[in-house]
Each structure stands twice: as structure tokens, then as C-alpha cells.
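Modelling step: build the complete structure from the supplied sequences, incorporating the hints.
Just so you know, the sequences run in chain order X and H. Counting from 1, position 123 in the first sequence corresponds to residue 122 in numbering that gives the first Met the number 0; the numbering is continuous, with no gaps. Counting from 1, position 60 in the second sequence corresponds to residue 59 in numbering that gives the first Met the number 0; the numbering is continuous, with no gaps.
The hints are simulated quantities; they were obtained by calculation from the structure and are not laboratory data. Keep in mind it's a predicted model, so treat the numbers as computed, not measured. Be aware that a few hints might be false.
The calculated lysine to aspartate or glutamate pairs, modelled on EDC-like cross-linking and capped at a C-alpha distance of 20 Å, are [as the list claims (entries may be wrong)]: (1) Lys234(X) x Glu245(X); (2) Lys234(X) x Glu187(X); (3) Lys18(X) x Asp10(H); (4) Lys216(H) x Glu34(X); (5) Lys184(X) x Asp124(X); (6) Lys74(H) x Glu175(X); (7) Lys3(H) x Glu17(X); (8) Lys19(X) x Asp9(H); (9) Lys169(X) x Glu70(H); (10) Lys19(X) x Glu160(H); (11) Lys125(X) x Glu122(H); (12) Lys18(X) x Asp6(H); (13) Lys118(H) x Asp124(X); (14) Lys19(X) x Asp68(H); (15) Lys169(X) x Glu82(H); (16) Lys43(X) x Glu25(H); (17) Lys74(H) x Asp71(X); (18) Lys93(X) x Glu157(X); (19) Lys19(X) x Asp23(H); (20) Lys18(X) x Glu160(H); (21) Lys169(X) x Glu252(X); (22) Lys7(X) x Asp6(H); (23) Lys18(X) x Asp9(H); (24) Lys95(X) x Glu160(H); (25) Lys184(X) x Glu245(X); (26) Lys18(X) x Asp20(H); (27) Lys119(H) x Asp124(X); (28) Lys7(X) x Asp10(H); (29) Lys219(X) x Glu175(X); (30) Lys241(X) x Asp177(X); (31) Lys19(X) x Glu28(H); (32) Lys43(X) x Glu28(H); (33) Lys19(X) x Asp20(H); (34) Lys7(X) x Asp9(H); (35) Lys93(X) x Glu163(H); (36) Lys95(X) x Glu154(X); (37) Lys219(X) x Glu238(X); (38) Lys43(X) x Asp23(H); (39) Lys7(X) x Glu70(H).
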Amino acid sequence: MHKGKGMKFVGDSRISAEKKANMPKDYSEYPGRTEAFWPNFLLKEWLVGAVFLIGFLCVTIAHPSPLEGMADPTNASYIPLPDWYFLFLYELLKYKFASGPYILFGILVIPGLAFGALFLAPFLDKGPGRRPHQRPVAVGMMLLAVASVMWLTYESAEHVDWEARAEANKPVASVEVDKEDPGYKVFESNCMSCHGDSLQGGAAAPSLIGIDRSAEEIMKIAQEGTGSMPPGVFKGTDEELKQLAEFIVSVNEQAK
Amino acid sequence: MLQKLYDWIDDRIDITPLWRDIADHEVPEHVNPAHHFSAFVYCFGGLTFFVTVIQILSGMFLTMYYVPDIENAWKSVYYLQTEVAHGQIVRGMHHWGASVVIVMIFLHTLRVFFQGAYKKPRELNWMVGVLLFFVMLGLGFTGYLLPWDNKAYFATQVGLEIAEQVPFIGEQIKILLAGDAHIVGAQTLTRFFAIHVFFLPAALFGLMAVHFLLIRKQGISGPL
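Pasting the structure below:
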């Protein structure tokens, strides 16, 4: 680089007025078959990235992200579960030595030691050798840690019936129940005492929103019952029965 | 035309060295999967970055619909999921990306660990990397609450109860995160939103800049 006397600058800046070609470094000093990052290697990287992105988008489209019903702090029966990558920490707290009076072991000492050792790994594993067999202690500890994390995650996830969980906590579509509908009048006198004033269900009967049944099936159930619902609940004319079934189907179409 | 524009700018602010410094470097043989297929293990770091970029972009689009308030948070997510064109895909990218980025960062950490690549002179970059891992976990924890559905609410409640049991500062930590010593509610949601969208990404960008600068400065560790 040209320094000192005779240097010219752009205006009053420190940028040199004389253009010099920006020569890439001489590659001969590198061993092996090296490749220029720009543009050769970056192009290949981009191709790999594109393939990865396609796979990722396929997963995204095939599995819509889950959403449960809106948070209800009064729901005392909900069994909480963290996201899968925190399950191992959660499972750790179920062991006797990491819960109750020893809870500090579970939430501070054990994770603190593990993550602290990870953070300070270069200062704990100081030997010059880089190959795994030259540092058996460090590699052994890491293998043990990885195995425990996987085991804890597996233990925690194994007992969960994910499909049943998702089904039980499905969001309930909000629907406007038209209380002027002639079908609603029939509903009011025959079904409301168990299924609730907005078809939301109650202690004795399930919600009628989000059911996948045709008008014929609903008419049949209203007369003959199903599950714990006894036959003969519906008392009215055939005309009213038809109005009732059409009303329930129309509410469910709204909920779709 | 473009060349002239470039020269005009370059003449004034000398941008060529800036990007040349990033562009002009050699990719050694031992990290190039074109030469040794097993070198694909060196891709995990780059893929972590790639998914992080996906997270940033999809997150930016999510905030165009998301409302961080307990009345509307769930409704805005439900609306995005069911009504908005491609909303399901954008949310899906952010949701699954959050898991993929953890997997990738885990694999990247294992690669660096088992190759002993954190040894002198790369100790500092290893520690920056572990901090990045913690920031990612923090993003996962705070982001989990934002849809405000049951699993989000109760998982956060448990998380805060665990934080509360830390001796001496436990309650302060809980109040800092939740906004209240007892209630997980409106304050908690806005705080988690702020942490998820402003505080942790700021930390993430700073640490990522240091991480990449150090890689560029020190080069990739040599073959075993």
C-alpha cells in the first residue's frame, strides 16, 4: 500500500484517490484443493440451501402448526407441558433427588453444572490434542450428557398421548347462534337443559359445535339417543325435528 | 449504468474492501462436501444461520397480524391461521423453524465439540456460541407463550414457578419476566412479546456479528 508522501485522497477524507485493483489473495499458499468462497462455493451452498428450504416448506405445508383453545387460567384440569426441547429439564424435576426438598439440585445445581461446563469447555479440556480419543474425559462427559438429555426427553414424551391431547384441546370456533331460528325454539324446549343455551355443552352432554353429522343422523340421535344420551329425549312433531336438525347443521357449517 | 453507480459510490466511501473482505477467502478442502462427503457436518452452522434468517423474516411478517394483548392475541393467531392467505404457511415456518433451529444448533455444537475445534485460539468463539445457544432457548421459551393458547399459558406458568424457586433472586426474576408476583396475565404477555421481539433478537444479532467476525478472523479449524 502506498503510504506517506504523494498520497492523494478523495476530498478531505481518508479514502485514497488512486484506484488499485482489488487483487484476491494468492491461493497457492493454501494446502489441498481449495475453492474460492465467492462465487463458486457460495453458489453450491445456495443450492444446498434451496433443497433444504423445499424440504422445510413441505413439512410446513404437510403439518399445519398446532394451536389449542384460547388460554383459560381457570382451567384447573389442564396438564402443562413445555415445548419438546425443554422436556428433559422438566423430566429431571420428577426424580427424587431433584425435587421436593432437593428442588435446587433439579433447577440450579445439575443444569448449572452441565451448562456451565459446556460454556467453559475450552478451559476444562485444555490438552493440545483435538482428536476425540486424545481427550477421553471430555468426550465421555459429552456422550453421557447427550445420552441423558435424549433419555430424559424420551421418558417425558413417551407417556404423552399427543393425538388425544391435541384433540381434547382443539380450539372451539366461535359461532353466532341465531336465537330467532325456528330450530332454536325446538332446541330450547328439548335439548338446552343438557347441551347449553348456545350448544356449548355442559356437565351432562357434549358440545354440539364442531360435530360432523348429517341432518338425518342428528334426527336419529335426537329420537334414539347415543352414548349416555337416552332415547326419547326429543318430544315434538316431525316438522319440529326437521327444523332442529337443520338448525344444528347450519350452526356447524358456520363453525367450519 | 449499475457499474457507474457503483463506481460513483465506491469513489466516495470505498466500499470495495468491505465486501471483498467477506467474499475473497478460500474454502479449504476438508470442509468442502464436494471433495469429502463427510464434510457435510460443516453445514450445520450455516444451516443454523439459514433457519435463523427464516425465523427473522417469518417473524417480521407474523407481527403484521399479531396483537400482543390477552383479549386479541389468540384471536389474531387464529385469524392468521384460518383466514389470512398463506398465513398458515408463514406461521408454520416460524413454528417449525423454532424446532429446526434448535436441532441445527445442537448438531453444530456437537460437531465443534467432538472435533475439539474450540481449543486455542478459538475459546472465545466457543463461549459466544454457547451464549447464542442460550439466547435461542430464551427465544423458544418466550415465543411459546405468544399464541396465548392453553399449552402456552400453562407451560409459562410452570416455567415461572420454577424461576421463582431460585434462592434470593427468584421472586425478582419472576416479577421481571411476568410483571407480577402472582398473576400470569396481560403484563406477562406484553413482557414476553418485548423480550421475544426486541431484547433477545438484539442480543442475538450482536452475538452473531461477533461469532462471524471471529470465524473470519481466525479461519475454520484445520483438519483433524
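Between the alpha carbons of Lys93(X) and Glu157(X), is the straight-line distance 20 Å or under? 14 Å, holds
Quickly compare the C-alpha distance for Lys125(X) and Glu122(H) to 20 Å and report which way the hint goes. This hinted pair holds, its Cα atoms lying about 10 Å apart.
Against the 20 Å threshold, does the CA-CA distance of Lys234(X) and Glu187(X) hold or violate the hint? 12 Å, holds
Check the hint pairing Lys7(X) with Asp6(H) against an upper bound of 20 Å on the C-alpha distance. 18 Å, holds
Verify the proposed pairing of Lys169(X) with Glu82(H), using a straight-line Cα cut of 20 Å. Distance ~17 Å between Lys169(X) and Glu82(H) Cα, so the pair holds.
Verify the proposed pairing of Lys18(X) with Glu160(H), using a straight-line Cα cut of 20 Å. Cα-Cα ~63 Å, so violated.
Verify the proposed pairing of Lys216(H) with Glu34(X), using a straight-line Cα cut of 20 Å. 18 Å, holds
20 Å Cα cutoff - pair Lys169(X), Glu70(H): 18 Å, holds
Are the Cα atoms of Lys219(X) and Glu175(X) separated by 20 Å or less? 25 Å, violated
Decide if the proposed pair is consistent with the structure: Lys93(X) and Glu163(H), CA atoms, cutoff 20 Å inclusive. 17 Å, holds
Is Lys234(X) close enough to Glu245(X), meaning Cα to Cα at most 20 Å? It holds: about 17 Å lies between the C-alpha atoms, which stays within 20 Å.
Holds or violated: are the alpha carbons of Lys3(H) and Glu17(X) at most 20 Å from each other? 17 Å, holds
Hint check: violations occur at hints 5, 10, 14, 20, 29, 31 and 39; the rest are consistent with the structure.
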